[in-house]
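Undergrad: The listed protein sequences derive, respectively, from chains B and S. Read in our numbering, the first sequence has 419 at position 115, and its numbers run on one by one without any break. Read in our numbering, the second sequence has 29 at position 44, and its numbers run on one by one without any break.
Some hints here could point you the wrong way.
Claimed, not checked - List of simulated lysine-lysine pairs, DSS-like, C-alpha gap at most 25 Å:
#1 B/LYS323 - S/LYS823
#2 S/LYS552 - S/LYS625
#3 S/LYS572 - S/LYS522
#4 S/LYS823 - B/LYS340
#5 S/LYS625 - S/LYS578
#6 B/LYS350 - B/LYS323
By construction, these hints were calculated from the structure, which means they are not laboratory data.
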Amino acid sequence: MPNPTLLTGVDDRTAIALKSIRLSLGSGPTRVEVLKDITLDFRRGKATAIVGPSGCGKSTLLMTLAGLERPDAGSVEIEGRAITAMGEDEIAEFRGRKIGIVFQSFHLMPTMTALENVAVPLELAGRSDAFARAKAELAAVGLAERASHYPLQLSGGEQQRVALARALVGDPSILLADEPTGNLDENTGASIIDLLLGQRARRGCTLVMVTHDLSLAARCDDIVRLHSGTVESVVAAREAAAAS
Amino acid sequence: MRLLSTILSFARRDLRGGLKGFRVFLVCVAIGVGAVTSVNAVSQSLLASFAMQGRSMLGGDLTLARSLRVLEPDERAYLTSLGRISEIAILRAMARTHDDRAIMVDAKVVDDAYPLVGQIALEPQAPLSRALAKDDVLYGAVADAAFIDRSGLRIGDRFDLGNAHFVLRGEIRSEPDRIATGIGFGSRVMISRAGFDASGLGSTASLTRWVARLSLANPDVDDARVKALADDILKQFPKSGWDARTRANVSPQLTRNVERFTQFMALIGVVSLIVGGVGVSIAVGAFVDRKRESIAILKAVGAPGGVAFALVLVEMMLIALAGALIGAAVGAASPFVAAHFAGPALNLPFEPIFSGRAIVAGVAIGLLSALTFVVAPAGRAHDTPVAVLFRSGATMEGGRLRARYIFGALVAFAAMIALVYALSSEKRIALMAIAGVAASAVVLRAVGWAVAHGAALGANVRNLPARLALGNIRRPGAVTRSVVTSLGLGLTLLVVIVGVDGNVRRQLKAGDPGRTPDYFFADVQSAQAADFRKMLKTRQPDATIEEVPMLRGRIVRVGSRRAEEVKAEQNAAWVLDGDRGITYAAKPPPGSKVTAGRWWAADYKGPPLVSLDGDIARGLGLTVGDEIAVNVMGREISAKIANLREVDWRSFGINFVLVFTPATFAGAPHTELISMTLPPEGRATAGSLVSDISKAFPTVVTLAVRDALQQALSLTEKLSTAVRAASSVTLVTALLTLGGALAAGQRARLYDAVVLRMLGATRRRLILAYLLEFLVLGVATSVFALAAGSVAAQLIVTRLMKLDFVFDWPGLAAIVAIGCLTTIGLGLAATWRTLGAKPARVLREL
Ligand SMILES: Nc1ncnc2c1ncn2[C@@H]1O[C@H](COP(=O)(O)OP(=O)(O)OP(=O)(O)O)[C@@H](O)[C@H]1O
Ligand SMILES: [Mg+2]
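Isolated chain B (complex conformation) (with noise of 0.2 Å):
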């Protein structure tokens, strides 16, 4: 049974809703809607796993709540605004400030030291103890060792944790992840998703994540079932749990 909070109109439990979002990728002959009138909200400090066969528009969902990729019609709202209506810049402002993202491939700067990756949201917001809080953050993941050095003298999972720590030293309300252990062994994501859902449990911040790995889906709150496109299901992870 959908849960009908999660699919009905904006209150204060909401952090993002999507409405009647479509995109389409690609031009000309290649040009697919990728996205196809997609409305949903996500629970405020719930965590949320997205899932659905390769292909079907998981990574670009995601996206499109980061404010990286712009919907061709629709709005994403979070806690309230509309990003779909900002200028570029201003999405980038606001997604400094609001968002955390971890990516299945890291995305860390390679010319930078793994402090200096973790300090630059910081910086970017302007902030003067940028560095001693990158430091704090770093420690949290249990990285402090590693602070000076540069992301292609780090394991993956070394990178993938200065990621997530990047993720979180700005203490995003929103914390996006899509497939954050793809790249990774069994162990080493298994300690990554630990971490990555203790820290969330802590700060309390909502979760979105996408995932193939219906075990791990079945430790969040909620699961987003996708198919080419569309919203085929939206369940509680304990009912699904049960149903299976």
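Dock chain S with the ligands against chain B, hints included.
TA: Leaving out everything else, chain S with the ligands in the frame of chain B:
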């Protein structure tokens, strides 16, 4: 063999995809080869034209010239037995107009047989003999446009030369033998022998040079036979004192100047090849990086590293060959284009030819320079680890380049230098230029290294835009060093050229105020000298007047060798070309310093001694104690070199290469050369003085130094336009290289920009970071260019040209500013795209 064909088929498959990523490579090679080939092709055309039209330029197959003495009957009879002859005279004289203006002219006295070869074209059209004939009172004369312009005369107007009255009957439109009969600072007036005799100039002027010209009955004999004939004639008349010249050797000075200028321009072309080479190496590096997976697969299936290298090398050299051929095609076409557009303005015979030599040389130099820059980056393919197949995202950094590839690059470079050296006519200058370029390149490389490492030191600064900028500069695989090298070389060359050019012009414009004489008076008879000086003194009491005796003489022996056999260096060869002014003195002339040997005692009466200009002595391979012989009016005098002088030419004052002891020419007839330096207030009345002098002393030739400098200045300006055009080619190459470097770094930049925007960066911040990055590069490059270029320019101006050097700060500052702005502008233009990229797309792809 199998291997080679495999490599070639691989290369073909690879290049089938088009030349994307190699455009800068291709264009850099094409521009460099185009420049070198064009310069050589144009000069080959020019020299070939001289050779083809040698007869008409010389006015015969061979000429025999000497001062003062016309042909003796026996000489005339002998020459007439060989073919048709014509005897002409050339001299400097003052033409006076009826409104009392005096103009120095290079007069040419012609006989009825003139011109033996070629045609003189007059406007209005008329046969030359009719134009020069005497009517009831007046002798006819024709003159060139320069004379008509300076004198303000019109056709039909009268003027005087010496004691005779002339009427201007026409303008000379074409005078094929103009170069052979030298135009100095004057303008051409042509008169008949009868007019000359009536003028009385022949009896007094010492500078009349009589030239007998011979047109062989059968001109189809080859040049060597003509040369042998000339030698034979000189043997028949050992006392003649003739200076013989053949159609193959019309103007050694002009040929030398063409060669010198060609070499200079070709060197600029070589610099542009080296600058472009940096672009080549960037493109190759990017190619090896892009291809590292194919290379790894190749190695995984068993190809050794050497084959991987060979594959890259062959592909790259095929592209270089394509670029070189494009450049060569442009170069081959350039003489034809030049003939069409610049031919008429050149005032020289110019028949464009297809110069195979220029093309081969250009392509060879281009390919060697490409090879220099391809070998090292291609060598990286050798050690591409197969592991890149399994470690995605691992960059192929670090790892030492094998010594053999560094060695290979050095060998290719040495081969290029050797070729440039072998092809240049003035080895010493070529060597200095190459050494200068190589030194600059090495230092620039070090500057690039220092900038990158300095950036690494400052990379932990706690300022985001600064950190981003420094991070980009220092980034492994960053093109920083290459950009600093190529743009730095381009700018350095520009600083050198602006510095040298500015200083030369400044000194030609002003001379050395207070020291540069305003007028020279030549051909003052010894008997008139006292009266002449008195006239100057009364009219210009405050003027500084210098007077030296002057004779005309030709160097006939240098050490133990005949002058014709001496292989002089380019800077000294002109001294052997023909008659030169020589003098004698008891004391060292003012403005010169004895640097070797000792000056003779004021009352020295012993065997002849001579003092020689130091540079000329070096160029002729002479030193103190050697002998040198001159022919003065048919008499051969040999003298021992007593000392060498360094002459300060900057004042443009009186200076002679050869200064003899007074006793050497005791009793020989000579004239005086007088210079007059005016105080500023004396200049206003100088014009009327010159005109009065021409009346009172009709045989005295007056040279206004300012006019002469003006002529030199306008020639310099023409040449410097050409030089600037050539060096701008280098700069274009440097900018292309910069553009190519930026394009090669685009992927990394795009990634950074997108990640930063993902993290909340606005475009303004990114621009700030880029601005900072390019500012650092631009400043480092420009400051180096300023320093190195100024030092080089100063050395050239003070050591080579022996002129004063003054820093042109505004001009140089402008270059630096332009350098910085260009770097920043191009940098921003190239990175602009990264700002507009769709982040989602990039994040997905990477
Ligand atoms: N630039 C583009 N042009 C055309 N189609 C595109 C473009 N980018 C993505 N697509 C298509 O959009 C669809 C959705 O892509 P998306 O990356 O969102 O899928 P996904 O659900 O994240 O898949 P995966 O689980 O494999 O990561 C895919 O079918 C893909 O082919
Ligand atoms: Mg995806």
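Undergrad: Hints first: check each against the structure and report whether it holds.
TA: Do the hints match the structure? See the list:
no., hint, result
1, B/LYS323 - S/LYS823, "22 Å, holds"
2, S/LYS552 - S/LYS625, "20 Å, holds"
3, S/LYS572 - S/LYS522, "24 Å, holds"
4, S/LYS823 - B/LYS340, "20 Å, holds"
5, S/LYS625 - S/LYS578, "19 Å, holds"
6, B/LYS350 - B/LYS323, "20 Å, holds"
Violation of the numbered hints given earlier is absent; every hint is satisfied by the structure.
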